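Residue numbers (my numbering), protein chains in the order written: chain H, 1 to 233; chain W, 1 to 233; chain A, 1 to 233; chain U, 1 to 233; chain E, 1 to 233; chain C, 1 to 233.
Bear in mind the hints are in silico, worked out from the structure with no lab data behind them. There's no promise every hint is true.
For chains that are exact copies, the list does not tell them apart, and a pair is met inside one copy or across any two.
[Said to hold, decoys possible] Lysine to aspartate or glutamate pairs mimicking DMTMM-like chemistry, simulated, CA-CA at most 20 Å apart:
{"#": "1", "residue 1": "Lys-220", "residue 2": "Glu-66"}
{"#": "2", "residue 1": "Lys-223", "residue 2": "Glu-66"}
{"#": "3", "residue 1": "Lys-220", "residue 2": "Glu-195"}
{"#": "4", "residue 1": "Lys-161", "residue 2": "Glu-195"}
{"#": "5", "residue 1": "Lys-223", "residue 2": "Asp-173"}
{"#": "6", "residue 1": "Lys-161", "residue 2": "Glu-145"}
{"#": "7", "residue 1": "Lys-223", "residue 2": "Glu-172"}
{"#": "8", "residue 1": "Lys-161", "residue 2": "Glu-2"}
{"#": "9", "residue 1": "Lys-220", "residue 2": "Glu-194"}
{"#": "10", "residue 1": "Lys-220", "residue 2": "Asp-68"}
{"#": "11", "residue 1": "Lys-161", "residue 2": "Glu-66"}
{"#": "12", "residue 1": "Lys-223", "residue 2": "Glu-194"}
{"#": "13", "residue 1": "Lys-223", "residue 2": "Glu-153"}
{"#": "14", "residue 1": "Lys-161", "residue 2": "Glu-194"}
{"#": "15", "residue 1": "Lys-161", "residue 2": "Glu-20"}
{"#": "16", "residue 1": "Lys-161", "residue 2": "Asp-68"}
{"#": "17", "residue 1": "Lys-220", "residue 2": "Glu-154"}
{"#": "18", "residue 1": "Lys-223", "residue 2": "Asp-187"}
{"#": "19", "residue 1": "Lys-223", "residue 2": "Glu-171"}
{"#": "20", "residue 1": "Lys-223", "residue 2": "Glu-126"}
These numbers were taken from a predicted model, which means no experiment stands behind them.
Each chain is listed here by its residues.
6 protein chains.
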Amino acid sequence: MEILVINPNATVSMTEKIVESARRVAGQGTTIIAATGQPPAPASIQGHHDEAMAVPGLLARLRQAEADGVDGVVVACFDDPGIGACREVFSGPVLGICEAATKAATMLSTSFSVVTTLPRSVPIIEQLIHGYGLSHQCRRVRSAEIAVLALEEEGSGAREKVRNEILRAVEEDRCEAVVLGCAGMADLTAWLTEETGVPVIDGVTVATRMVEALIGCGLKTSKVGAYAPPIET
Amino acid sequence: MEILVINPNATVSMTEKIVESARRVAGQGTTIIAATGQPPAPASIQGHHDEAMAVPGLLARLRQAEADGVDGVVVACFDDPGIGACREVFSGPVLGICEAATKAATMLSTSFSVVTTLPRSVPIIEQLIHGYGLSHQCRRVRSAEIAVLALEEEGSGAREKVRNEILRAVEEDRCEAVVLGCAGMADLTAWLTEETGVPVIDGVTVATRMVEALIGCGLKTSKVGAYAPPIET
Amino acid sequence: MEILVINPNATVSMTEKIVESARRVAGQGTTIIAATGQPPAPASIQGHHDEAMAVPGLLARLRQAEADGVDGVVVACFDDPGIGACREVFSGPVLGICEAATKAATMLSTSFSVVTTLPRSVPIIEQLIHGYGLSHQCRRVRSAEIAVLALEEEGSGAREKVRNEILRAVEEDRCEAVVLGCAGMADLTAWLTEETGVPVIDGVTVATRMVEALIGCGLKTSKVGAYAPPIET
Amino acid sequence: MEILVINPNATVSMTEKIVESARRVAGQGTTIIAATGQPPAPASIQGHHDEAMAVPGLLARLRQAEADGVDGVVVACFDDPGIGACREVFSGPVLGICEAATKAATMLSTSFSVVTTLPRSVPIIEQLIHGYGLSHQCRRVRSAEIAVLALEEEGSGAREKVRNEILRAVEEDRCEAVVLGCAGMADLTAWLTEETGVPVIDGVTVATRMVEALIGCGLKTSKVGAYAPPIET
Amino acid sequence: MEILVINPNATVSMTEKIVESARRVAGQGTTIIAATGQPPAPASIQGHHDEAMAVPGLLARLRQAEADGVDGVVVACFDDPGIGACREVFSGPVLGICEAATKAATMLSTSFSVVTTLPRSVPIIEQLIHGYGLSHQCRRVRSAEIAVLALEEEGSGAREKVRNEILRAVEEDRCEAVVLGCAGMADLTAWLTEETGVPVIDGVTVATRMVEALIGCGLKTSKVGAYAPPIET
Amino acid sequence: MEILVINPNATVSMTEKIVESARRVAGQGTTIIAATGQPPAPASIQGHHDEAMAVPGLLARLRQAEADGVDGVVVACFDDPGIGACREVFSGPVLGICEAATKAATMLSTSFSVVTTLPRSVPIIEQLIHGYGLSHQCRRVRSAEIAVLALEEEGSGAREKVRNEILRAVEEDRCEAVVLGCAGMADLTAWLTEETGVPVIDGVTVATRMVEALIGCGLKTSKVGAYAPPIET
């Protein structure tokens, strides 16, 4: 099967890291197709405006994937931008990494906290989790106070800040698992799990395998109701 | 004060109707500025995909309004597309018509139903209302099973379908008020109120006056947190 | 249009302050009518008992306003006492200042905290906010630990305590806006906004303008259901 | 122990029926003290206005009971009027019959419906149940479309309407128990249980026994926080 | 009437303490029947596994009680293990002590915290409270970090830890009442109330009196729906 | 990897059907191990009592699987019996089929209905869905009014009843997907999807692939908090 893993922002180095994570976990017989946002998609998605600028390009890429017969899609940005629209233009399963990771967290623990990059992303993620119905299992959404692209820079100290915030989450929030709140953290999962002793859940890998799972069960996006194809006017 | 009332879709006749409604209710000393979406914004917004295509143009128009010193914005589409992003790029109050109308409904009644156009918009509106925290006061979101642009056509029977659905809502849902779930219904409010005997609430007029109210109190969008200006990267 | 702004407690100096705030923001052509509670209404409303003692007088005053053809009513006490009953006896819009201010806060920010006077008012306000469906956007209801009437006394230090509690709210609650939880704080809004750097929202002014907005749209309290006129027995 | 069972409305025949029900179930050693509302309390409580008019008299009677050393209070009106205020002026447990009956229903079934008198009481009861956190277990609040005082009249057909509405609730709502939504139905419980085959729960009897239970455990209303005695000003 | 108070774990000394508490508060004419879990029920119930091992024995004992004509049952473990199953095999009211105590707390205060033994019980209790719909009134579930059986040992310091945790709850959570989160704390209620100055609510005594109350009103478990007797296959 | 798919009831023919479904979808390199409940587990699980009788055997089998180094577990009963306890005794991921199927449904649609066997299972499933936080996306839990074992009998008409109930769900509930509410329906998925035109989601296959997905990402059950191993006493 073929799964498109799309990084909606325009930073190729982030796509490479994301896709490497997806390929590492993908099952036998799964081909991961990589895609990166094109301008006007911003270099990183830090807020609603950035999401909005990235979504039309995301939809164009999904229309192409639909025409190519791709089986499923992972949208690799923790704000889950444009997921509803993506589900309208694509037949197979489409998953955002926030939805995948937080639902996985509730399968492995009774409560989780999220550690994201910038403070401004905190309320966006809280709203997503409210929409998914998981607020009662989410202890807190935390920010490590780093810019998204700092994760791409050697020596920025970003990794250590993420680790320290996870340790604070375990201590202060009494959470049982931690969800990484940014696609750019996908390569840190193993190291963070070792350093912190709690399940650390990365959305890129989980979403890739969950999309595989849905495809493997023969399931597709419902075309009855909200996710029917757009009406041409 | 100056308020931009923007119709995010590309149908000018709908903008005219919307702006006429806004001007009719605006207070003395308020100037209503009209704007219409430009392609790739679709002719009508019927689903998430259509929203996504309309939002970048909406944001460009709001940046212009911000530069022009406009005081507030009404986004005249009942899906409340891109409101978070709009609040990031604009200093004054920004209101979508779903948020304005449903919050007004709860100030006038203990429960309301919504009557929108197409069935596919029903779950979108339900999700908005869940996000606004008003699900316990919303009896049901109903569709009159008409296309958005049918409201623009003489003799399409669309008005009668809306009226009949309102009457069914009052009868079956035991609601105390009805919210019109489409900007294109703004001109029907008075007629529908007369025909049905319940408060019929149109988002365009209510949002216009509520933005005026917030401006009049000297209030602006919070720039601490989620609605801070976009970060340039 | 004529709007009755009623202070349900019996302290005339508080009414004067409230009405001055209302008049400052009211639109052109709006007349603000002032009213003060009469004993047995207490000098300040600090708890459910005090509310209960104030409501019959409030209703009598609203019946008078209804007979006089007044267009709308603001009940200027943050406990929103007797709002349901007021809506039964009055045709036009009736708003309490807690409902108005908290709904306004959600139009300008993704989360807010409330700063009220006494600790005993905290659970009352929490219950109101739960009823309005806004708990998921309310970070915390806080008390500045001052008596209501201390706000009327020069040199009581009450203003400074309110400011300090707002600063704590911003720091500890990560809220994006602050709602003033007492009608007696209406005159402090501008000063507090300057001192704290977040939108500080006062219910008296917001409720006045929102009632104006609803009247301006031709909307009235629904008389179908809960808010039908009392049945004479 | 002594329990005051107070009918907040001014209809003595209803008090007699209520108190008879309370006395029938009260434990050995419990004395039931009866009280009836005095004008301006209305003859029946049909809406928020009626509640508001009854509460000051209710509070005066509770202050007397407090001075007399009464151990607990049942407020025998299904709108639970003034309960917060009552808890401020009284030391022992105070229960409204809606709270008692709906919480009892959740101890005996997984879901219940309520059958009340007039349609206008439906949203009031829905709001109470939302506040108590039981909405997810309440299938529906229904009205038998009868006036409260019709229950006092021989030959009014009111009893049969209540029975028929219960049968509809069981059939249509798939509820497992039915709560009687009016103190004036207390004498019908046994007959309705027989006629309908589901547990029919009357608030007067349940509240009486639950107040007994709380007193028997040595429990009193918390005086830390919201229910502290009113502050004299 | 006869009420079975069953300690689902296998520690007889705990049963004795529990039953003594139940007998102390039971009304005149009530006989308390004691029962203790038998292996494979564990010595204490500390987690879901322990619950699961205790429930089949609990059900066997309830079937016996049903055959003996017992009138009601208290399951004296704060995890409320197997309550749904118990209600299927028994005709009279069945109450767990978490449900009884938390519902009682909401009759006496606007908010409560729970103090339990081990940290691992905290999420279990949070899930129960979410199911009962009381999360909005529960400030926090806290652990005193003691093993259940430490409460049985003289000189273990367990009592003092419970008291100190209650004092922290009052200080930090701003709760108005405290619920004891373990049947083994039943004998400490009076001492803890004195030491802390807030209502301290023990589930064993409250559940005993509430089951009495339901029986006294002639109420039984609904046999329509979820709690119908098990189907023999 | 090795996944244990356990049918907690004692009917071997049902296990065979379930395991066949699991094997059909499992990825390359996955071995499905089958297990069936042993008495006192009942022949079918129809209510809480039946769950309770099946869980101790389920836990014993999971302890064996843990010792054998099995990687993950699917509990193939739609009541999700004993999942919390299973997670305590097992290191790898453990999923119940209700949790898996309903979470999958929310990845493919905005709303779903469930079609189960007996009416008595309806409230049990509703409670599970409330616990998972998905009530706002679940239109209705429906019963096809068939016994679980009727699904095993040729010519019982059970399949047709399930299909007809799905068609009613689509028509009456306006749901976008349907979840099959019984492990015994796993073999009907393809036929039902064809007959009804909506995504029909079976928990057995979805849970198998989701457990595979979690294992594939290196994720295990959190052992910090509620799911720590049972404490030996």
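Comparing the hints with the structure gives:
Taking CA atoms no more than 20 Å apart as the test, Lys-220 paired with Glu-66 passes inside one copy only; the shortest distance there is 12 Å, against 34 Å between copies. Only within a single protomer do Lys-223 and Glu-66 lie at most 20 Å apart by alpha-carbon distance; the minimum there is 14 Å, versus 39 Å between protomers. Only between protomers do Lys-220 and Glu-195 lie at most 20 Å apart by alpha-carbon distance; the minimum there is 16 Å, versus 38 Å within a single protomer. Proximity of Lys-161 and Glu-195 under a CA criterion of 20 Å is satisfied intra-copy only: 12 Å inside one chain copy versus 32 Å between copies.
Taking the shortest alpha-carbon separations for Lys-223 and Asp-173, only the inter-copy value of 16 Å comes in at or below 20 Å, while the best intra-copy value is 40 Å. Taking CA atoms no more than 20 Å apart as the test, Lys-161 paired with Glu-145 passes inside one copy only; the shortest distance there is 8 Å, against 30 Å between copies. Taking identical chains as interchangeable, the C-alpha atoms of Lys-223 and Glu-172 lie at most 20 Å apart only when they sit on different chains, with a minimum of 17 Å there against 43 Å within one chain. Taking CA atoms no more than 20 Å apart as the test, Lys-161 paired with Glu-2 passes in neither setting, with 35 Å inside one copy and 37 Å between copies.
Taking the shortest Cα distances, Lys-220 and Glu-194 sit within 20 Å of each other only across copies (13 Å), while inside one copy they are farther apart (36 Å). Only within a single protomer do Lys-220 and Asp-68 lie at most 20 Å apart by alpha-carbon distance; the minimum there is 16 Å, versus 35 Å between protomers. In this assembly of identical chains, Lys-161 and Glu-66 lie within 20 Å of each other by CA distance neither inside one copy nor across copies; the values are 39 Å within and 36 Å between. With identical chains, the CA atoms of Lys-223 and Glu-194 are at most 20 Å apart between copies only, with a shortest distance of 14 Å across copies and 42 Å within one.
For a Cα distance limit of 20 Å, the shortest separation of Lys-223 from Glu-153 qualifies neither inside one copy, at 42 Å, nor across copies, at 28 Å. For the homomeric pair Lys-161 and Glu-194, the shortest alpha-carbon distance inside one copy (15 Å) is at most 20 Å, but the shortest distance between copies (33 Å) is not. When the C-alpha separation of Lys-161 and Glu-20 is checked against a cutoff of 20 Å, the pair qualifies neither within a copy, at 23 Å, nor between copies, at 48 Å. Taking the closest pair of Cα atoms, Lys-161 and Asp-68 never come within 20 Å of each other, the shortest separation being 41 Å inside a single copy and 39 Å across copies.
For a Cα distance limit of 20 Å, the shortest separation of Lys-220 from Glu-154 qualifies neither inside one copy, at 40 Å, nor across copies, at 30 Å. For the identical chains of this complex, Lys-223 and Asp-187 are neighbours neither inside a copy (35 Å) nor across copies (23 Å), given an alpha-carbon limit of 20 Å. Taking the closest pair of Cα atoms, Lys-223 and Glu-171 come within 20 Å of each other only across two copies (15 Å); inside a single copy the shortest separation is 44 Å, beyond that limit. Proximity of Lys-223 to Glu-126 under the C-alpha cut-off of 20 Å is restricted to the inter-copy arrangement: shortest distance 18 Å between copies versus 28 Å within a copy.
The earlier numbered hints that this structure contradicts are 8, 11, 13, 15, 16, 17, 18.
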